[in-house]
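Enquirer: Sequence:
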Amino acid sequence: PGIGGLAQLLINSGYQYCCVDRNSTLVEFLKSKNVDAQFAEVPPIPFGDDSFDCVVLVNVFEHMTDSKSAILLMNDVRRVLKKGGKLFMIMPHSSGWGDDFYDVDYTHSFPVSPERIRQVLSDVNLTVRYMALTYGCVAGIFGLLANLVTSFIGGILYKVRPLNGKFLKAKILFHPVIWVVGEKLDK
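Following our numbering, the numbering of the sequence shown begins with 655 at its first residue and continues without gaps.
No lab work stands behind these hints, which were simulated from the structure alone. Ideal Cβ positions, reconstructed from N, Cα and C, are used throughout, including at glycine. Among the clues, some could well be false.
Said to hold, decoys possible - Between beta-carbon pairs, the in silico distance windows are:
| hint | residue 1 | residue 2 | range |
| --- | --- | --- | --- |
| 1 | Asp757 | Asp703 | 32 to 40 Å |
| 2 | Ile725 | Lys687 | 27 to 35 Å |
| 3 | Ile725 | Pro700 | 12 to 20 Å |
| 4 | Thr679 | Val782 | 30 to 38 Å |
Said to hold, decoys possible - Within a straight-line C-alpha distance of at most 25 Å, the following computed SDA-like cross-link-like pairs (lysine to any residue) qualify:
| hint | residue 1 | residue 2 |
| --- | --- | --- |
| 5 | Lys736 | Phe706 |
| 6 | Lys841 | Ile699 |
| 7 | Lys841 | Val674 |
| 8 | Lys841 | Pro700 |
| 9 | Lys722 | Val712 |
| 10 | Lys737 | Asp840 |
| 11 | Lys740 | Leu711 |
| 12 | Lys740 | Leu726 |
| 13 | Lys722 | Glu769 |
| 14 | Lys737 | Pro697 |
| 15 | Lys685 | Ser705 |
| 16 | Lys841 | Asn779 |
| 17 | Lys722 | Trp833 |
| 18 | Lys736 | Gly702 |
| 19 | Lys736 | Lys841 |
| 20 | Lys722 | Asp703 |
Construct the entire structure; sequences and hints are all you get.
Expert: Next up, the structure:
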């Protein structure tokens, strides 16, 4: 859920919104902003079958411990989605991050690629409707160029002062990100 930007946007647009996070401090912060936030580790998702028109997973999938937990999560997403429900996912493309995939967040344990996403969603009978690769939030050749420049400059700076997290953040600013829209077609 982050700090609630998406929650406020959806709530202010008239949508019903709820979120789950394993960070109790974040959950309490969101509750103080009148967001329906629940403290839980997923999977399992703490809601009943066919509860949602849409499930959003932003920087979640790469935190699964292995393919078994990734399948469990996606089966649970499928369970809580209504027929025709949509799944939106955003995650780092691990092969484009190299060692930074693990260095930027020690809880990254499940390497993610577009093909791996297609396979997992197919295994749980969710249909991929759209998939895109961007570099940070920039697509196409400009994103690729931004990735190359920031990776090069950030990499040099990080080697000079490796303990400074700002250099690592600069280096990963335009690393590849996978965007996915999936759909549950049947009951």
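Enquirer: Against the structure shown, which of the earlier numbered hints fail to hold, in ascending order?
Expert: Structure breaks no hint.
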